[in-house]
Amino acid sequence: MSLESMLIVAAIIFCIGLYGALARRNFIAVLMSIELMFNAVNLTLVAMGRWLVPFAVQEQLSTVLTGQVFAVFIITVAAAEIALGLGIVFAVYRTNESVDLTDAATMRH
Amino acid sequence: MLTEPLVWAIFLLPVASFLIIGLVLRPAISAVPALAKASGYLTIIALGIGFALSIWLLRSSAHGVIYAFPPHLWLDLGPASVQMGLLLDPLTNIMLVVVTGVSLMVQIYSLAYMDGDRSFARYYAYMSLFSASMIGLVLASNIVQMYVFWELVGLSSYLLIGFWHDRPAAAAAAKKAFIITRIGDVGFLLAIIFLFFQADTFAARGLNAFHIPDIWEAARPIAAGGAGIVAGGALLWLCLGLFAGAVGKSGQFPLHTWLPDAMEGPTPVSALIHAATMVAAGVFLVGRFFPVFAESEVAMMVVALIGAFTAVFAATMALAANDIKRVMAYSTVSQLGYMMAALGVGAYNAALFHLFTHAFFKALLFLGAGSVNHAAGTFNMMYMGGLRKSMPWTYGLTLVGALSLVGIFPLAGFWSKDEILLESWLAGGAAPVAIVVFFALLVGVLLTAFYSFRMIHLTFHGEFRGGGERELHDVAAAGQPAPTGVTHHVHLGESPRVMVAPMFLLGISAVIAGWLANPIGVGMLFGLIPSHWLTEYLASGLHDGHHAPPFSIAMAVISNVVALAGIGLAVLVYAWPRAFTSLDPLTRGGVVHTLLAQRYYFDDLYEGLIVNRIFYRITVAATDWIDRNVVDGIVGLLGWISRNIGGLIALAQNGQVQTYPLAAATGGLVILILYLILG
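Chains as they are written, first to last, in the numbering used here: chain A, 1 to 109; chain B, 1 to 679.
Just so you know, these hints were derived from the structure itself, not from any lab.
Ideal placement from N, C-alpha and C gives every residue a C-beta, glycine not left out.
Careful: at least some of the hints might be erroneous.
To be verified - So, partial list: chain A residues that the calculated Cβ filter (under 10 Å) puts toward chain B: (1) 21; (2) 23; (3) 24; (4) 25; (5) 27; (6) 30; (7) 72; (8) 79; (9) 99; (10) 101; (11) 102; (12) 105; (13) 106.
Assemble the whole structure, with the sequences as input and the hints as a guide.
Given below as structure tokens:
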């Protein structure tokens, strides 16, 4: 598969995620959309890592696997983030009795 | 032969006395009350030594010793440098004797007069400061140095007029004196600034634009052997600037209004500052720059006319004053007018001779007024009367002072005033304006005689009219505040000896000071004083010395007849038992009397019209409007702008979590699009 098709897929997934994060009212759906954006970025990183470094020089793995290492990091961070995010969802639900983001507007000017 | 440190000592001893009283004695007085008296003795010792040194200086200078000490550099301003120097010409030497001598007498008198005042030490500290500033002014060889002391004299005057600063009238009078003299001082300052701008021209001739003898040199035309740098219109404006300073300090018309109010200070202060020395500083200034004035005919005419007008104008106001010190204040203004007029007609030595004699008899008259106040508890002559019997010494000495002021032969005032009249008459041959001056001054003699004997009669003759006790009663009945210096304490009797003794010495001076001129020319008077000694000595300080004219018996007869006529008129009006019945028949003068008693409404003109109407209503109102609307408006506008921008931005903070990433995403998109378009 070519790099372009990979990047296009990643861009589409990122835009879907961005749309969801900005437009959905449900907090959980927004968290899921953010997750989509993370994965679009992961896809890009992996594709780039594969494209920038040809198979021939994969002997010295430690020097060339940067893209993949980043992706693993992001998966870890995303797991932590989703745990925290769900904690916030619980807290919001306790105060507002809903997970609708438009209800959580008490920090306004 | 004096050395330079000894001459500086005349100035530095009162400075030291001021500093010791202010920094050492005053803080310790609360612990040791006896130190208050010590401050008085310290001042007297400092001035006593100064007086002795001044006499020594005058004596050796009169015997032909010429003192010239090189000045010390203070500030180097390129072509013009400000120096601290001593200008020891005959004018300075005479003035030093007058200042230290009269000051010494006044300090001794004050020991008793100010006794018991809770600010006794502060009084002597100020008096030392004043004496030091006046001596510094007289000694100055540099115009900037002179200006420094000129302002210091004004400052000490302010402090002493407002000495009893808890009295509103005294505080107001002090402010008034300070502000009005400051108006004149602007002229003096402008003259100095003018000289500074001429500094390069001066330097090209090897002259220093601030050095006083160099300024004389610069004003002298080339034809007369001078440098001829300042001439024509520039010279006139220079003279008028200096004269403006003199008008302020000497209380000449139209800046005369502060001097009568300055009588709010303690009486010895009035005697020293507002009669004998400080107000004489204005005349001294014109005398100091006489070689400059003499080159400008118009400036001389202005000086002569202002002086002559003031001489008559102030004398008329003295006719309607009831406060004994105010009568003398107007008299001082009038006599200073004589000196100015004399300077204006070119009679340099006659003017300064009159300054010399006037210092003694006017200080005497003021000390007499203080003595009267000590007994009667008031300054208002309407509550005095009959003091002749209880205070024979004060009466006799005041009478001597008054006769000297009026100019009766052979007292001191006669010789100097006669010389002024004679010189203005003789100058009339060349300049018609001098004839006007002469007749004005002659009218002034008549008025002087009249108001002096009105004062003598109301104070010392007739029956005693109750003094301060009665006045306080009347004032309280009218519901007015008590005037300054009025007390319930009325004890008819002679003042203590420590007050009478200085008056006695001044009385002797008021008789014999005029003989120093010896104009009749009887060879050597007492084997000591050659003919025309004082006037010739003063003239020797000028480049082309103006010589006193020979004594004129006709003029002496005329001035004495006019003076006696004035005295006779006063006796007729006040003392003739059946002539008039009321206490002061002049009050029947109707509109004229009201005009005089209201001082020609000059105070109302200045305060009511110029200060309140023009200054407050227009100038202050305009600046107030600008401040409120323009200055405050700009500040308010800035506040308004930031407040509203803040409100506008706050609209974005709507609390909706998704708005913020939407804005961030939009921003990112805009950057991306711009990147794609612009490459």
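Hold the hint about residue 24 of chain A up to the distance rule: shortest CB distance to chain B must be less than 10 Å.
holds, 8 Å
Was the hint right that residue 105 of chain A lines chain B, CB cutoff 10 Å?
holds, 4 Å
Residue 101 of chain A was flagged as interface toward chain B. Is the shortest Cβ-Cβ separation under 10 Å?
holds, 5 Å
Closest C-beta approach of residue 27 of chain A to chain B relative to 10 Å, hint status:
holds, 9 Å
Interface hint outcome for residue 23 of chain A [beta carbon to chain B under 10 Å]
holds, 8 Å
Would the hint on residue 72 of chain A be counted as holding, given a Cβ-Cβ threshold of 10 Å to chain B?
Interface hint status for residue 72 of chain A: violated (26 Å vs cutoff 10 Å).
Does the nearest C-beta of chain B fall within a distance shorter than 10 Å of the C-beta of residue 79 of chain A?
violated, 21 Å
Given residue 21 of chain A as an interface hint, is its Cβ closer than 10 Å to any Cβ of chain B?
holds, 6 Å
Under the criterion of a CB-CB separation shorter than 10 Å, is residue 30 of chain A in contact with chain B as hinted?
Hint holds; residue 30 of chain A Cβ to chain B Cβ min 8 Å, cut 10 Å.
The hint names residue 99 of chain A as touching chain B; please verify it with the least Cβ-Cβ distance against 10 Å.
Result: violated, 12 Å to nearest chain B Cβ.
Interface hint status, residue 102 of chain A versus chain B (Cβ within 10 Å):
holds, 6 Å
Hint residue 25 of chain A vs chain B: min CB-CB distance below 10 Å?
holds, 9 Å
Comparing the model with each numbered hint stated earlier shows that hints 7, 8, 9 do not hold.
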